Each structure stands twice: as structure tokens, then as C-alpha cells.
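Engineer: These are the residues of each chain, in order.
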Amino acid sequence: RGHGTTDQDGEVVATLCGVVERVNKLVYVRTLRARYKPEVGDIIVGRVIEIAPKRWRLEINFSQDAVLMLSSMNLPDGIQRRRTAVDELNMRSIFEENDVVCAEVRGFQHDGSLHLQARSQKYGKLQRGQLLTVPAYLVKRRKLHFHHLEQYDVDLILGCNGFIWVGEHVVVREIADLKEDEQKLSAEAETFTPIETRRHICRLANAARLLSALGFTLTVELIIQTAEASVSSNVEINDMLGAEFYVQTAEGEAKRRGDLLGKKR
Amino acid sequence: MVGLSEGEKHFIRGGIAQDLRADGRRRLQFRALTVETGIIPQANGSARVRMGATEVIASVKAELGKPTILHPDKGKVSIYVDCSPTAAPMFEGRGSEELSAELSVGLQRCLLGGKSGAGAAIDLSSLIVVEGKACWDLYIDGLVVSSDGNLLDALAAAIKVALSDTGIPKVNVSLNNETDGEPEVDISDEEFLQFDTSGVPVIITLTKRQSMFQAVVQHQFLVNIGATISLVEKRPSLFSGVYD
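Just so you know, the sequences run in chain order A and B.
Counting from 1, one number per residue, gives the positions in the first sequence under our numbering.
Counting from 1001, one number per residue, gives the positions in the second sequence under our numbering.
Since the hints were made in silico from the structure, they are not lab data.
Quick caveat, the model's predicted, so the values are computed rather than measured.
Treat the hints with care, as some may be off.
[To be verified] DSS-like mimics (lysine-lysine), calculated; alpha carbons at most 30 Å apart, straight line:
(1) Lys122/A to Lys1009/B
(2) Lys25/A to Lys122/A
(3) Lys1009/B to Lys125/A
(4) Lys1133/B to Lys1061/B
(5) Lys122/A to Lys143/A
(6) Lys122/A to Lys37/A
(7) Lys1074/B to Lys1133/B
(8) Lys54/A to Lys1066/B
(9) Lys1066/B to Lys1133/B
[Said to hold, decoys possible] Restraint-style ranges between C-beta atoms, simulated for each label pair:
(10) Thr1086/B to Asn24/A: 40 to 48 Å
(11) Pro1085/B to Gly18/A: 51 to 59 Å
(12) Val40/A to Glu1092/B: 32 to 40 Å
(13) Tyr137/A to Gly1003/B: 22 to 30 Å
(14) Glu50/A to Ser1146/B: 39 to 47 Å
(15) Val40/A to Gly1038/B: 34 to 42 Å
We put the beta carbon where it would ideally sit given N, CA and C, even for glycine.
Build the full structure now, drawing on both the sequences and the hints.
Structural biologist: Have a look at this one:
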């Protein structure tokens, strides 16, 4: 007797539409299109909406906003030390409002709020790319969520909360370099993303949009496959979101699943 | 409107500079347009236009009224736009008043011309029934259901289609000898007059940064100035409105 069930005249009846799961004596119904439900260790992509004392508040497509504590974040100069009041005042230099951040779910606190951590090198601010929103249930939990696509020089991060980041590849480097990087960014006029990389980013982003509109589970392989199919069919990047390519992709997937079934038999 | 980080803005700016925007469109390419008519059966004409995630509905209602003393040979048209709170969180309550007013005035200027009536798209004299006594009042209402940029273009397209879908009932007037009294009008349910919409303009919004069409919401932060140009098929001259 768990989520999605109720007791009716002594019988356990489902209240939601979904798959019935049993764990020992607990019976619950798992819906197929549930809202995003964070679990410890999930890799998510969020956007900073507020800076509060010693923490950042991020929006992650959940019913409440997640909290990233200053202490769960690596400091720019890399040394491990106690966070002082100066650090607190300089929080804005690390993350500002509306920044896109990649982090990992640390867990729920006693007061029910969701805490994140971004201690590793691969987490942190995401720049030079675009953020897509897809329904969260289309991103299943896998071993890997960070994908560096070498052939395109593109980073693809599939957040479990449904936020997908497609952007230029960022070399994971020492944090000391970050400061010069920021100066470069602000002084930039023409250090834009090279056109070839941009084309790949757009193609992958459109592939993700297309697959989410079709309702297919998003995996790296499928996204790459769709993007390559669009190249081989000579579909223009913007036409990828048009009706013909939609149909072509759906048919391709149907065929693939048909083959899979055939092989199983 | 969702906020954007500096990194994303930089990326978008690069995209515009390189003529390849976030969804792959070139600077001068439009989003695909979907149009449906007749969605509101009670109205004389209606249309729904979808451009990407932007969705607007326009409806035209015609009622019999009296022409103004200044223009006894012309009918009246009033255009009003409303932004539904479901379109964006900032539209809740009174948040949408400014935008609605701006859109309404913009459309009025494009479709009804200047103060003297010059450059009007809808021929108001075709709306007259009995000169000086009875005319058709057209109430054109636009509703923004969901907003993803480029509202003016979508609304103009919706109004154009709604007008082409409009059927104004034929009116049989029985003449009276009294000059003051109301003439008796018999509104026929069966026969309709179709509007001539070849004169109704199509509105295109250009934004100055590197002239691009169809700025999606993400691009709005770049807009220093946008020019809305309404183009009419028949007339060679352009009527343009500039807005900021």
C-alpha cells in the first residue's frame, strides 16, 4: 500500500494509471509521465534564480527550488578553506542570477529542501551553448550523463530533470585559469563559437527537440543517430523541425524497434 | 520570460552574427505558420495562428450600429488585443495592460491608417448600410494564448485570416419616410457578404541588430529597435510603423 493506491472495501485499488511495482510488502503504482523526482546522485542542470545568504537557489523543474550551498561548491582559487564573510560577499563572482549550472543532487534535508553539490571539476557554470527543456521522464538514469562528443567538439549534458545542455566543449582545467577566461568572455567581441561547431550544436539541439516532441526516450546514441540521419538525408538544420523529417525519424525508429523484436524472437 | 545567462546571451549573439540561430534558422527565415479558421462558431469570423510556440486567436464580430456624424458614410472598426494570463506569468492581473495597449494601437495604425483615414486597409465605406443611419460595427478581438515572440506578426496574420473568414449578413432595408427614425432592417440569416481582404496588410517585424525576422523570445534582449512594416499586395507604397 504505497503511492498511487488506496484501500477500497479491503481491496487495494490503484488511483493512478501506471505500472504496478512490488517491493517486499509495499505495493505502489509508478506512473509513466511523472513529474521529475530527484534522487541522490542525480546529475541535473539548473538555473540560478536567487542568491541567498551562503547559498544559491536554482530552478530545476521540480516543485521546489534546489539549494546549492556555498560550502558545497569549490572556491575559485581551489584551496580548501573555511568560507569567510568575504567569500559570501563574492558569491556573485562565482554564479550570478540566471546562470546555468550543472550539479549533483546531494539529498534532502530535514526541512524538506533539496540540496545540491558541485564539488567536482566537471560541475559548475555552463556557458557558450544553449539550454533545452524536455519532459523529465524522457531522460532515464544512466551511468553517464556528461557526453563529450569528440567528432563535433560539443558537450552534451542530459540532466535528469529534463534540462539538456548542448554547448561548446569546455576543457576541464585548473580553476586558476577560470579568472582569465572570464575576462576573455567580457572582452570578447568576436571570439564567438566557430561556425562549424555552432552548426553541430544546432543540429544536436534540434534532434533533441524533435525526439522529445515525438516522445522518445533521450539517449546520446539516439540523438547522434538522428543528427547524422539528418545530415545524410541532406535536411537543412531548420528543416529538422519540419513535418517531413519528423515522419522520417519516427519511421526509422519504428523500423529499428521492429528489427529488435525480430531479433529477439 | 525566462532569464538568460551571460554565456547564453554571448552564444545567441554569435549565432546572429554567423547567420545561424539557435534552432537553425537563418536571419531572414520565418518559423512555420499554422492557420485554422472558423474556430469560434458564434463569431462572424475567427482564426487561430500558430508560429512556433506563439499562438494567437482573432475573432471578428459584426453588429449594427450608427455611423458617427463626422463620417456618415463609413462603418466603424475597433481592434482590441488581450494577453491571456496563461501566456506568460507576467501577464497575470494587470501585467499585460501595457503590452495589450501597445499591440492594439500598433494594429490599429496598420489596419486603419492615420487619423485622416489615409492608408487604411479595411475599406470602411463598404460597411455602410444606410448612409447616416445604419452601418456595421466590426469588433476585432485578438487573444494571445501563448507568447514566444513576434506577437504583432502573428496577430496581424490572424486578423487577416479572420477577416477573410468573416461573413457579414446581407441586410434588407425598408425605407421609411421619417428622417429621424430608425430604419427597419431585416438581417438575413442566409446570405453573407465576404470581405475583400486583399487590402489587408501582412506585418513583418524586423529587429535591428543585424536585421532578422521573427525574433524569438530569447532574442528580445538584443532588440534596440524594431521596425514593423506592413506590406500590402495591391498598393505599391509601404505603410510602416516603428516601435521600440
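Engineer: Are the hints correct? Go through all of them and say.
Structural biologist: Evaluated hints:
Distance restraint check for Lys122/A and Lys1009/B: the Cα-Cα separation of roughly 22 Å lies within the 30 Å cut-off, and the hinted pair is therefore satisfied. Note on Lys25/A and Lys122/A: the hinted pairing is violated, with a Cα-Cα distance of about 40 Å set against a maximum of 30 Å. Taking the CA atoms of Lys1009/B and Lys125/A, the gap is about 14 Å. The hint holds against a cut of 30 Å. Restraint check: the Cα-Cα separation between Lys1133/B and Lys1061/B comes to about 20 Å, which is no more than 30 Å; the hinted pair holds.
Straight-line distance between C-alpha atoms of Lys122/A and Lys143/A comes to about 15 Å, which keeps the hinted pair within the 30 Å bound. Distance restraint check for Lys122/A and Lys37/A: the Cα-Cα separation of roughly 23 Å lies within the 30 Å cut-off, and the hinted pair is therefore satisfied. Among the hinted pairs, Lys1074/B with Lys1133/B is consistent with the structure: their alpha-carbon atoms are about 11 Å apart, no more than 30 Å. The suggested pairing of Lys54/A with Lys1066/B is violated, with an alpha-carbon distance near 67 Å, which exceeds 30 Å.
Our distance criterion of 30 Å between C-alpha atoms is met by Lys1066/B and Lys1133/B, whose separation comes to about 6 Å. Distance hint for Thr1086/B and Asn24/A: a CB-CB separation of about 44 Å, consistent with the stated range 40 to 48 Å. Distance hint for Pro1085/B and Gly18/A: a CB-CB separation of about 32 Å, inconsistent with the stated range 51 to 59 Å. Under the hint 32 to 40 Å, the C-beta atoms of Val40/A and Glu1092/B, about 36 Å apart, fit the expected range.
Between Tyr137/A and Gly1003/B the beta carbons are some 25 Å apart, a value that agrees with the proposed interval 22 to 30 Å. Range check, Glu50/A to Ser1146/B: about 26 Å between beta-carbon atoms, so the 39 to 47 Å window is missed. In this structure the supplied range 34 to 42 Å is violated for Val40/A paired with Gly1038/B, their Cβ-Cβ distance being about 53 Å.
Figure legend: structure checked against the earlier numbered hints; hints not met, in rising order: 2, 8, 11, 14 and 15.
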